[in-house]
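2 protein chains.
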Amino acid sequence: MTQLDAPAAADTHNTAPTRFVEAGDNTFAYRRFGLPGEPPVLFIQHFRGNLDNFDPAITDALAASREVILFDNVGVGASTGKAPNTIAGMAADTARFVLALGLAQVDVLAHSMGGQVAQQLAATRPSLVRKLILVGTGPRGGTDMVRMSDYALSLFTIPFEPADLMWIPIQFSGSEAGQAAGRAYLKRIRARTDRDSDVSAETAMAHAAAAAEWGRPYQRRDYLQRITHPVLVVNGSEDVIIPTVNSFLLQQELPNAELVIYPDSNHGAHFQYHERFAATVLEFLDR
Amino acid sequence: MTQLDAPAAADTHNTAPTRFVEAGDNTFAYRRFGLPGEPPVLFIQHFRGNLDNFDPAITDALAASREVILFDNVGVGASTGKAPNTIAGMAADTARFVLALGLAQVDVLAHSMGGQVAQQLAATRPSLVRKLILVGTGPRGGTDMVRMSDYALSLFTIPFEPADLMWIPIQFSGSEAGQAAGRAYLKRIRARTDRDSDVSAETAMAHAAAAAEWGRPYQRRDYLQRITHPVLVVNGSEDVIIPTVNSFLLQQELPNAELVIYPDSNHGAHFQYHERFAATVLEFLDR
Chain A
71 MTQLDAPAAA
81 DTHNTAPTRF
91 VEAGDNTFAY
101 RRFGLPGEPP
111 VLFIQHFRGN
121 LDNFDPAITD
131 ALAASREVIL
141 FDNVGVGAST
151 GKAPNTIAGM
161 AADTARFVLA
171 LGLAQVDVLA
181 HSMGGQVAQQ
191 LAATRPSLVR
201 KLILVGTGPR
211 GGTDMVRMSD
221 YALSLFTIPF
231 EPADLMWIPI
241 QFSGSEAGQA
251 AGRAYLKRIR
261 ARTDRDSDVS
271 AETAMAHAAA
281 AAEWGRPYQR
291 RDYLQRITHP
301 VLVVNGSEDV
311 IIPTVNSFLL
321 QQELPNAELV
331 IYPDSNHGAH
341 FQYHERFAAT
351 VLEFLDR
Chain B
71 MTQLDAPAAA
81 DTHNTAPTRF
91 VEAGDNTFAY
101 RRFGLPGEPP
111 VLFIQHFRGN
121 LDNFDPAITD
131 ALAASREVIL
141 FDNVGVGAST
151 GKAPNTIAGM
161 AADTARFVLA
171 LGLAQVDVLA
181 HSMGGQVAQQ
191 LAATRPSLVR
201 KLILVGTGPR
211 GGTDMVRMSD
221 YALSLFTIPF
231 EPADLMWIPI
241 QFSGSEAGQA
251 AGRAYLKRIR
261 ARTDRDSDVS
271 AETAMAHAAA
281 AAEWGRPYQR
291 RDYLQRITHP
301 VLVVNGSEDV
311 IIPTVNSFLL
321 QQELPNAELV
331 IYPDSNHGAH
341 FQYHERFAAT
351 VLEFLDR
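Residue numbers (the numbering used here), protein chains in the order written: chain A, 71 to 357; chain B, 71 to 357.
If you're looking for bench data, these hints aren't it; they were derived computationally from the structure.
Keep in mind that a hint or two might mislead.
[Claimed, not checked] Sample of chain A residues facing chain B (criterion: CB under 8 Å; computed from the structure):
1) S307
2) V310
3) F318
4) Q321
5) Q322
6) N326
7) E328
8) I331
9) Y332
[Claimed, not checked] Distance ranges between label pairs, derived from CB positions:
10) A:E345 to B:A134: 43 to 53 Å
11) B:K257 to A:P87: 53 to 63 Å
12) A:D268 to B:E345: 37 to 47 Å
Ideal Cβ positions, reconstructed from N, Cα and C, are used throughout, including at glycine.
Bound-form chain A, shown alone (with noise of 0.2 Å):
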């Protein structure tokens, strides 16, 4: 197979263009920049999040070094389709992208929702997959995972204005380090002049609808035994999101992972540490 679309070597995360391959029916819409090579490092999305939502402190950092692929799973942003109501079908739509591309194995860095999706892939397509890496996320029928606390629920509910200052609780630390972070995420996520489109109310519906299925209590959860990648899990201190324990049990119960936890710090403690994260991720892929 070859590889479509190859990236100019001089992009960034805010200069890449969007660029569209076909799948069967759909259109995946994705960005693809940094150092040619393979596996390139394929960057898996949160709930409601969009190409946009990646952070270009991390991903710039990867691609100083590695080929990065940021993508829109169907019936997100400017892909089309509609969204699968469950995370097996997240991971089908991951798999179908990924061959589209002509591409036979990639290292998957995936967050939150997008590390449920990681680890289905992982467990169904082993080949497809050479390293894991899962930020704030958990296994199947983790703790307290079949429905955000009233407190994450209020964060997705209540209107922000601009929208987008609801990463802020949702990602970062309630201490003056972790505020001043959120802002700095923010800023560099808004700086991409040309965006990607909001993620619908309807796709929204059905990625909730297959994390909460995901999330069900007293799940098996053998599946884990057959993800025998090497995987770095990592979270912050307090995932509001997916309660950190999650992380802890994944260490646990995956045969090959290790973890980290940084401190003062949320759902989204690898924007707040870019720094530290993306140097442990690129020593972790080069190991």
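Dock chain B against the given chain A, drawing on the hints supplied.
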């Protein structure tokens, strides 16, 4: 205060002479090497360990850019005195040793029971400690800490020939990689020719009582709130001596702690992954 017996920069783990310093009624045995500078890194040893159980792969890696101090606490190895039977007593002795060297502050790298001593030291003498690295340890009243499991106890009671073979099942995972790392560790700690004395049965009994008192369940541990120092918590995925969940608890309850858990590893994960561990420690100390 002046620093006594400053080391020769050319000394290494295996060549640094054993030195002695008086503090009150006790004589403390210690070794000191590396790049002179403040604060030095003070290593606090595990149960049944003496000066020769520190890992030269770690101490020499740190010594390239830090000053390293290894010591025998009261009643251990070549140090004199009767070992106290509380962690508080061991922490008070540690403080006396540090002050006897004329040091105002140290970074502390502590393992297992040594990590309990380090927590107590940081909580009661906070200005004496700059940063804290806690490996394979747990908080007061942690999970399953009041006594070891029958399996773990057996490792300390069945005869190994030679005796230091006991450290392989205590410190390393049972996998092929873990066992190979254990053999490499034994080779490293056997290399020094000028050996310390074994830990006596009386000292082992006193220290076992101290660790059990620390581990009694249902104790308050608000002392952790007083440890506002930057802390790096490290453990293996399956610590058979102090269950790994206790490292997660430390991260969750300390105000400013980062956690790293390695895959396929046990109580001595830092020995098994000494290169990664030393790099992480140096980054943490330099930060």
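_Hint numbers not upheld by this structure, sorted from lowest to highest_ = 2, 10
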